[in-house]
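A.B. asks: These protein sequence lines are chains C and D, in that order.
When you read off a place in the first sequence, starting at 1, and then add 256, the result is the number in our numbering.
When you read off a place in the second sequence, starting at 1, and then add 5, the result is the number in our numbering.
Bear in mind the hints are in silico, worked out from the structure with no lab data behind them.
Ideal Cβ positions, reconstructed from N, Cα and C, are used throughout, including at glycine.
There's no promise every hint is true.
[What the hints assert, rightly or not] With a straight-line Cα cutoff of 30 Å, these simulated BS3-like cross-link-like pairs (lysine-lysine) come out: (1) Lys-157/D - Lys-138/D; (2) Lys-89/D - Lys-19/D; (3) Lys-47/D - Lys-455/C; (4) Lys-138/D - Lys-169/D; (5) Lys-19/D - Lys-47/D; (6) Lys-143/D - Lys-19/D; (7) Lys-29/D - Lys-238/D; (8) Lys-47/D - Lys-386/C; (9) Lys-95/D - Lys-276/C; (10) Lys-143/D - Lys-169/D; (11) Lys-455/C - Lys-42/D; (12) Lys-157/D - Lys-32/D; (13) Lys-47/D - Lys-276/C; (14) Lys-42/D - Lys-276/C; (15) Lys-150/D - Lys-137/D; (16) Lys-32/D - Lys-89/D; (17) Lys-137/D - Lys-89/D; (18) Lys-157/D - Lys-169/D.
[What the hints assert, rightly or not] What follows is a set of in silico ranges between Cβ atoms, one per label pair, in the way DEER data are often shown: (19) Leu-280/C - Asp-162/D: 48 to 56 Å; (20) Lys-150/D - Arg-329/C: 23 to 31 Å; (21) Pro-352/C - Arg-69/D: 48 to 56 Å; (22) Asp-162/D - Glu-367/C: 24 to 32 Å; (23) Arg-222/D - Asp-382/C: 13 to 21 Å; (24) Gln-310/C - Lys-29/D: 29 to 37 Å; (25) Glu-413/C - Ser-142/D: 51 to 59 Å; (26) Asp-313/C - Val-61/D: 38 to 46 Å; (27) Asn-114/D - Pro-352/C: 19 to 27 Å; (28) Pro-352/C - Asn-73/D: 38 to 46 Å; (29) Arg-69/D - Pro-319/C: 33 to 41 Å; (30) Asp-347/C - Glu-113/D: 47 to 55 Å; (31) Ser-295/C - Lys-187/D: 51 to 59 Å.
[What the hints assert, rightly or not] Quick look at which bits of chain C chain D covers, simulated, 3 or more residues with Cβ under 8 Å: (32) 293-306; (33) 359-367; (34) 375-382; (35) 396-409; (36) 439-449.
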Amino acid sequence: MIHIIDYGLGNVQAFLTMFKRLGLEATRARTAEDLVGVSKIILPGVGAFDHAIQLLDQSGMRPAVESLVVNDRVPVLGICVGMQILATSSDEGRLPGLGWVPGRVRSFRSEERSASLPLPHMGWNDVQLKPDAPLFTGLEHDARFYFLHSYFFECDEPSHVAAVASYGLDFNCAVAAGNVYGVQFHPEKSHHFGAQLLKNFAEL
Amino acid sequence: MLRPRITPCLLVHKAGLVKTVGFKVPKYVGDPINAVKIFNEKEADELIVLDIDATVNNVEPDYRMIANLAAECRMPLCYGGGIKTPEQAKRIVSLGVEKVAISSAAVENPGLITQIADEIGRQSVVVVLDVKKRMFSKDYDVFTKNARYNTKRSVFDLAVEAEKLGAGELVINSIDLDGSMKGYDLTLAEGIRETVSIPITILGGAGSLTDLEALIRTCGVVGAAAGSLFVFKGIYKAVLISYPTLVQRDELICSLRHKS
Numbered sequence: 257m258i259h260i261i262d263y264g265l266g267n268v269q270a271f272l273t274m275f276k277r278l279g280l281e282a283t284r285a286r287t288a289e290d291l292v293g294v295s296k297i298i299l300p301g302v303g304a305f306d307h308a309i310q311l312l313d314q315s316g317m318r319p320a321v322e323s324l325v326v327n328d329r330v331p332v333l334g335i336c337v338g339m340q341i342l343a344t345s346s347d348e349g350r351l352p353g354l355g356w357v358p359g360r361v362r363s364f365r366s367e368e369r370s371a372s373l374p375l376p377h378m379g380w381n382d383v384q385l386k387p388d389a390p391l392f393t394g395l396e397h398d399a400r401f402y403f404l405h406s407y408f409f410e411c412d413e414p415s416h417v418a419a420v421a422s423y424g425l426d427f428n429c430a431v432a433a434g435n436v437y438g439v440q441f442h443p444e445k446s447h448h449f450g451a452q453l454l455k456n457f458a459e460l
Numbered sequence: 006m007l008r009p010r011i012t013p014c015l016l017v018h019k020a021g022l023v024k025t026v027g028f029k030v031p032k033y034v035g036d037p038i039n040a041v042k043i044f045n046e047k048e049a050d051e052l053i054v055l056d057i058d059a060t061v062n063n064v065e066p067d068y069r070m071i072a073n074l075a076a077e078c079r080m081p082l083c084y085g086g087g088i089k090t091p092e093q094a095k096r097i098v099s100l101g102v103e104k105v106a107i108s109s110a111a112v113e114n115p116g117l118i119t120q121i122a123d124e125i126g127r128q129s130v131v132v133v134l135d136v137k138k139r140m141f142s143k144d145y146d147v148f149t150k151n152a153r154y155n156t157k158r159s160v161f162d163l164a165v166e167a168e169k170l171g172a173g174e175l176v177i178n179s180i181d182l183d184g185s186m187k188g189y190d191l192t193l194a195e196g197i198r199e200t201v202s203i204p205i206t207i208l209g210g211a212g213s214l215t216d217l218e219a220l221i222r223t224c225g226v227v228g229a230a231a232g233s234l235f236v237f238k239g240i241y242k243a244v245l246i247s248y249p250t251l252v253q254r255d256e257l258i259c260s261l262r263h264k265s
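Just chain D, same shape as in the assembly (with noise of 0.2 Å):
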């Protein structure tokens, strides 16, 4: 059986790592070389690596430390950030990173999209979609450069575009839930599930393994990506990088094995 993926997704921010709340006040949470050795260590599905300065910034993606991660990295990585040519995919794809995600790039071009998979393969592009909830709605808006910036498109009609495009997975990040540790937005997690036909991952408001697991439940094989609960440990949000177990993991999914 495909099993759904559990994901830590680490932001990188002026060489450290951080996290977020509502995309914003970036705590600063250790080294990123550091993390993913605790990450190997612990034997974690995958892993997503986003660099939140590049962007912004407008620089060019920090190929030293992609190249750093890559070698330390023994489960797959994903690896977002500042990336707007398929050159630049080319690059990160041969310093050894599995995926590469792009974002902001790919809803202002989305032409980029299919150029990046016609360089890399589609299975290796990761389209990521920040969003807001709309008011009074049932959308959701998506935002790029770190939420400063509403494009007013549907999640929903972004997501099928990516697809057609040539994006070979989706993460869908929740703005509203980012750092709130108060459990995904399930609806939004089966409106995309039910869009689109590739391979999604949901972002934003894991805080328990509870969490996964209602996750998991709404939408079968997904991905199951959180930045706070593999870095925080109790009430006060001391740092403390943690990750299921084998044996948990194999909990956590036990309720899809009874149902196929």
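Excised from the complex, chain C in its bound form (with noise of 0.2 Å):
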């Protein structure tokens, strides 16, 4: 069962529309009692980075995240700040991140390429993907996703960088390590492309 972490942020009621139109079986979760027969996690989010590290630590679910995530290597999916805090640190933030993913989010406006442009980054972007990357099969020509933010991941590991936009500078828009997949993009408001990702999450 897919479960959506439902810890106050994001759209889980998109996400589950979502899957219930694939025909895929997937629930919220509340609290960590509902942490049961998990074979998949998605972590949504959207807004600041602190407030996203504060919620998911008050909604008590985080241990029992991380023990899925890091020691039985359950797939879990971060969406937009959900993939942010997936990192080490955040510029927009005093809080350490999950550290799943090493790497640093920072602002398009500390970039020079980008820091004229209007902020923050939103609307449909086309996205580059790099060769293999398991999320995006049979998306592979003409994918593009619905962005809102102005914050970007910057990876340690380049090997970690699973597709990049454009935005004044080149960004990394999807992350992979290992178990630990994020998309800064908004899956569940990307009509078919956002569908077909989600489809391939759940069939890792």
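Assembling the complex is the task here: the two chains are given apart, and the hints tell you how they should meet.
C.D. replies: Below, the structure is given as structure tokens:
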């Protein structure tokens, strides 16, 4: 069963609706007790980095999720801020991230090439895939997704970059490190492109 | 490349969808949920739904309707109408809405923009400014309460203020051109693009895909929003929901690709 972590951030209902349409079983997890029979985890999110970490702590689910991901190697997919908190740290906040994908979250404003562009980076952007990125099977041509963010993930390890998008500069919009995956865009609001990605994740 | 957004804007009045002309004479065009389903099938870039009764009737947003729309909507959704407090905005986001639009309340109480941005993040705060051209001037007045009240404040001043206070996006809505299908006010659009550095969406006047293209040529990456264009067909304005295909959208933005 795919468990969507409901820690008060992101559009949990949109994921449930999408998985239902795909004919895949998914459920909402609100407490650590809900995390039984977990085959996959989705960590949604929207908003600020520290706020996301705080809410995850307050939800009481963090130790259980960490154990599932780190010890049991359950595949996890972070979305938007849910992806950013996979990093070691963020320029947006003071709290440490989960550290599952070594890297730092940075602001477009801090980069000369993107500082003058409108922020947030909002709308549909084309995505260039790295070869053999399993999340993107079937999306090799013409992949585009909906973005809404002002910070981006900078990986310490280049092999963790699964896809890049361009907004003044080329930034990592998808990461993959072992069983840990993250995407900066919103597959739950990206029509058939997003549906295919979530299906790929479910079938990993 | 970041693509310009092509955004249907749907108006809710007495639980039905309507389309206005000059903010007046609402014409019934169908059921909101049904329209959302059609735009899902057409894979629209995003959707704006504005309840035009809530503020003038001084009632709470219709949370049940919003929840139903959000559950159905498979594209990013922006809801506006009747939002006066950060708590209301937070509740609407929790129903599965990506962006919350405020208009009259933001103009009357600009601090609300900051309060809502602090609660839900500035990326989800959309400020809608309804504007009319000033006589014998290049400036535009901002109106509130469905164009009933002239604040006599310049759209450019309020745009700067909204950005400073925490708006993540501006929707500039031309009262003069609403429902006219004569094309966007490109001078206004260009002026706003040069004034702020947050994403902008232009609404009012689009009557053809050529009009969308003209706006995209003028402003680059912009939101091109429209009502009539996507709900009416033909000179007699028969109600028929339409939306450009992915291929048509690629053609619309090819002028941008050549530029970059």
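A.B. asks: Taking the hints in turn, state whether each one holds.
C.D. replies: Going down the list of hints, with the structure as the test:
Restraint check for Lys-157/D and Lys-138/D: satisfied, since their Cα atoms lie roughly 11 Å apart, inside the 30 Å limit. For the given pair, Lys-89/D sits about 20 Å from Lys-19/D by alpha-carbon distance, which is consistent with the 30 Å threshold. About 20 Å separates the Cα atoms of Lys-47/D and Lys-455/C, which keeps this hinted pair within 30 Å; it holds. For the given pair, Lys-138/D sits about 24 Å from Lys-169/D by alpha-carbon distance, which is consistent with the 30 Å threshold.
In summary, the hint linking Lys-19/D to Lys-47/D is supported, as the alpha carbons are separated by about 26 Å, within the 30 Å threshold. Under the criterion of a C-alpha separation no larger than 30 Å, the hint pairing Lys-143/D with Lys-19/D is inconsistent with the structure, at around 36 Å. A hinted pair counts as satisfied when its Cα atoms are at most 30 Å apart, and Lys-29/D with Lys-238/D qualifies at roughly 20 Å. Among the hinted pairs, Lys-47/D with Lys-386/C is consistent with the structure: their alpha-carbon atoms are about 29 Å apart, no more than 30 Å.
Annotation: proposed proximity of Lys-95/D to Lys-276/C holds, straight-line Cα distance about 26 Å (limit 30 Å). Proposed proximity of Lys-143/D and Lys-169/D is supported: the alpha carbons are some 23 Å apart, at most 30 Å. Distance check on the hinted pair: Lys-455/C and Lys-42/D sit about 21 Å apart at the alpha-carbon level, within 30 Å; holds. Pair hint Lys-157/D plus Lys-32/D holds up; C-alpha atoms about 29 Å apart against a cutoff of 30 Å.
Restraint check: the Cα-Cα separation between Lys-47/D and Lys-276/C comes to about 20 Å, which is no more than 30 Å; the hinted pair holds. Restraint check for Lys-42/D and Lys-276/C: the C-alpha separation of about 16 Å stays at or below 30 Å, so the hint holds. Proximity of Lys-150/D to Lys-137/D is assessed by CA-CA distance (about 13 Å); at most 30 Å being required, the pair is judged to hold. The hinted pair formed by Lys-32/D and Lys-89/D meets the criterion: a straight-line CA distance of about 27 Å does not exceed 30 Å.
Among the hinted pairs, Lys-137/D with Lys-89/D is consistent with the structure: their alpha-carbon atoms are about 24 Å apart, no more than 30 Å. Annotation: proposed proximity of Lys-157/D to Lys-169/D holds, straight-line Cα distance about 20 Å (limit 30 Å). The beta-carbon spacing between Leu-280/C and Asp-162/D, approximately 51 Å, falls within the hinted interval of 48 to 56 Å. Checked against the hint of 23 to 31 Å, the pair Lys-150/D and Arg-329/C fails, with Cβ atoms roughly 57 Å apart.
Roughly 41 Å separates the CB atoms of Pro-352/C and Arg-69/D, a value that falls outside the hinted 48 to 56 Å. Checking the proposed 24 to 32 Å range against Asp-162/D and Glu-367/C shows it holds: the Cβ atoms sit about 30 Å from each other. Take Arg-222/D and Asp-382/C: their Cβ atoms lie about 20 Å apart, and the range 13 to 21 Å holds. Taking 29 to 37 Å as the suggested C-beta distance range, the pair Gln-310/C and Lys-29/D does not conform, at roughly 48 Å.
Take Glu-413/C and Ser-142/D: their Cβ atoms lie about 58 Å apart, and the range 51 to 59 Å holds. Range check, Asp-313/C to Val-61/D: about 43 Å between beta-carbon atoms, so the 38 to 46 Å window is met. At roughly 37 Å, the beta carbons of Asn-114/D and Pro-352/C sit outside the given window of 19 to 27 Å. Here the CB-CB span from Pro-352/C to Asn-73/D is close to 40 Å, well matched to the stated 38 to 46 Å.
Range check, Arg-69/D to Pro-319/C: about 37 Å between beta-carbon atoms, so the 33 to 41 Å window is met. Distance hint for Asp-347/C and Glu-113/D: a CB-CB separation of about 35 Å, inconsistent with the stated range 47 to 55 Å. Judged by the Cβ atoms, the range 51 to 59 Å given for Ser-295/C and Lys-187/D holds: they are separated by roughly 55 Å. Check on the region 293-306 of chain C: 3 of its residues sit with their Cβ under 8 Å from a Cβ of chain D, so the three-residue criterion for coverage holds.
Against chain D, the region 359-367 of chain C contributes 0 residues with a C-beta closer than 8 Å to a partner C-beta. That does not satisfy the three-residue criterion, and the hint is violated. Counting residues of the region 375-382 of chain C whose beta carbon lies closer than 8 Å to any beta carbon of chain D gives 8, which reaches the threshold of three, so the coverage claim holds. A count of 6 residues in the region 396-409 of chain C with a Cβ less than 8 Å from any Cβ of chain D is obtained; the coverage claim is therefore met, three being the minimum. Coverage of the region 439-449 of chain C by chain D holds. Counting CB-CB distances below 8 Å, 4 residues qualify, and the rule asks for three or more.
Checked against the numbered hints given earlier, this structure breaks hints 6, 20, 21, 24, 27, 30 and 33; the rest are met.
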